[in-house]
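Participant: The lines below spell out each chain.
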Amino acid sequence: MHYLPLIGIAIVVIGFVLRFNPLLVVTVAALATGLAAGFDLVAVVAALGKAFNDNRYVSMIWIVLPVIGLLERHGLQQRARTLIAGLKNATAGRLLLGYLVIRQITAALGLTSVAGHAQTVRPLVAPMAEAAAEQQIGDLDQVTREKVKSYAAATDNVGLFFGEDIFIAIASILLIKGTFETYGIELAPLQLSVWAIPTAIIAFLIHGTRLLLLDRKLRVSSSGCVERSRDTSAPISTSLDFARDERRGSGE
Amino acid sequence: MITLDWLYALGGTMFAAFALLSARDASNPKRLGNAAFWGLLALSFFAGNRLGDLGNGVLVLCLVGLAGFGRLGRGDPHTTTIAEREALSSRLGNRLFLPALIIPVTALLGTLAYNYTPFGASGIFDPKWVTLILLGVGALAALAVAMTWLRPPALAPLEEGRRLMDSVGWAAVLPQMLAALGAVFALAGVGDIIGELAGQVIPEGNRFAAVAIYALGMALFTMIMGNAFAAFPVMAAAIGVPLLVQDFGGNPAVIGAVGMLAGFCGTLMTPMAANFNIVPAALLELSDRNGVIKAQIGTALPLLVCNLLLIYFLAF
Chain A
6 MHYLPLIGIA IVVIGFVLRF NPLLVVTVAA LATGLAAGFD LVAVVAALGK AFNDNRYVSM
66 IWIVLPVIGL LERHGLQQRA RTLIAGLKNA TAGRLLLGYL VIRQITAALG LTSVAGHAQT
126 VRPLVAPMAE AAAEQQIGDL DQVTREKVKS YAAATDNVGL FFGEDIFIAI ASILLIKGTF
186 ETYGIELAPL QLSVWAIPTA IIAFLIHGTR LLLLDRKLRV SSSGCVERSR DTSAPISTSL
246 DFARDERRGS GE
Chain B
213 MITLDWLYAL GGTMFAAFAL LSARDASNPK RLGNAAFWGL LALSFFAGNR LGDLGNGVLV
273 LCLVGLAGFG RLGRGDPHTT TIAEREALSS RLGNRLFLPA LIIPVTALLG TLAYNYTPFG
333 ASGIFDPKWV TLILLGVGAL AALAVAMTWL RPPALAPLEE GRRLMDSVGW AAVLPQMLAA
393 LGAVFALAGV GDIIGELAGQ VIPEGNRFAA VAIYALGMAL FTMIMGNAFA AFPVMAAAIG
453 VPLLVQDFGG NPAVIGAVGM LAGFCGTLMT PMAANFNIVP AALLELSDRN GVIKAQIGTA
513 LPLLVCNLLL IYFLAF
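Sequence lines, in order, name chains A and B. Position in the first sequence counted from 1, then plus 5, gives you the working numbering. Position in the second sequence counted from 1, then plus 212, gives you the working numbering.
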């Protein structure tokens, strides 16, 4: 049947909702889609293997882990926190707003891999944002801590996505140009990157507003639980260990 | 010329070391699973081009089998305690940031220098991969500086790297796997079917409906594929070019550029965009795998509406 290859999409959606291991879900979806489209199993497995091999560069980012880990062993995250704790007016929202500006501008210059989740967010931006939030409201409960860290990662993504298309030689601009060319429509990369600017500005305004609202939410939530936070004023409890315990506990 | 293959050899060496160190790590009850997983990844980086498509496919199935059936654990190599880290941090001071900054600064200045100064004429880097290669150079430089300065045990960087890698676990290869799924979708013509369906639901002559389905379709199809690049050619072929440009006479530059950005709003909202949404959740050790997505939805939805309106008002 004509619509049968769509079964892969259904498998992906159901698999993610039921929280099966995503690698398993993706593989089953790929095999089902390929078979439904009339290919034999060997051809589908070969297609999977070829694409996996062609996309190895995506995983190259992990080569920064040894040096990041080595620096964390010597107190890098603690240092990032101390640095922020020394700034009187630092807030999580303002700090992330500053990072958003840097990330959007560098991405707009085509420098998409100078920052990222492994290189900058985990070792620097997330601990700094946590320290700023602690500065604002004292010790963080785990929900708040995870929220601040999530916003750090989200800010990196928003800055990257809505900065990079301003750069004329980025892959997505070239893809748009190439796609339209097949229909006989000639576009210059500069024309396309200019039209990425309005969205970049709006993205900055929307996400920036949300970051400042995060500060307000932190203030509101802290005034509601001052007593509790005093009780738990243990020395900087590491979110790392919290999360790790939880992950182990849930038998991942 | 330094090419991507040099970088892959470096990555392969690192994963091979992770595999060996995992194999002898008694703290991890599933150590052989970890050793096999990182070992296969090392093989992929060293010899991926010589394994053939089917060989790579079998390698992928082995990786998935190990991860999917829970054969991966987490190693807990010896490291410093929180108290020791506090003490080291105050002793070493802000100089600790310098090695960390070597990586982005090398990538930044190196790329600029390679593109805008005579350094580029030397041709020592593969021009397609300059920044990524410089990222590798930066990581090695930072490692050299940190090793000389801090004088840790020789295996410390690999053990610490393995600790972080184990905390990411199977999610480390999910982005590559999703790219592979995209390739199979393309082979099976999934995009064409979706485009055909999207084209059918537009009421004739209604420009706003056409723009709305184009923008929302970009976001939705990106969420399914995990990648706006896969969605764009499909939505352009189904609606963007035939309806918006040819029938309604819209400006193709706006339709192309803002349409792609509408897709990026979808990227913010899907677990299928693993390297942006799932991997950081693992890297930051969040207990909620979808925590990053939840933090992004509040930006992505209003921005998607804005993109829709931008196309509607700027393209015509």
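Everything labelled a hint here was simulated from the structure, so no lab data went into it. Fair warning: this is a prediction, and the values are worked out from it, not measured in the lab. Be aware that a few hints might be false.
[Stated by the list, open to error] Derived Cβ-Cβ restraints for the label pairs, each shown as a range:
| id | chain 1 | residue 1 | chain 2 | residue 2 | range |
| --- | --- | --- | --- | --- | --- |
| 1 | B | 283 | A | 106 | 25 to 31 angstroms |
| 2 | A | 221 | B | 302 | 45 to 51 angstroms |
| 3 | A | 114 | B | 363 | 43 to 49 angstroms |
| 4 | A | 218 | B | 218 | 30 to 36 angstroms |
| 5 | B | 244 | A | 148 | 35 to 41 angstroms |
| 6 | A | 147 | B | 357 | 34 to 40 angstroms |
| 7 | B | 306 | A | 62 | 44 to 50 angstroms |
Cβ atoms here follow ideal geometry from the backbone N, Cα and C, with glycine treated the same way.
Participant: Checking against the hints above, which ones are violated?
Facilitator: 1, 2, 3, 4, 7
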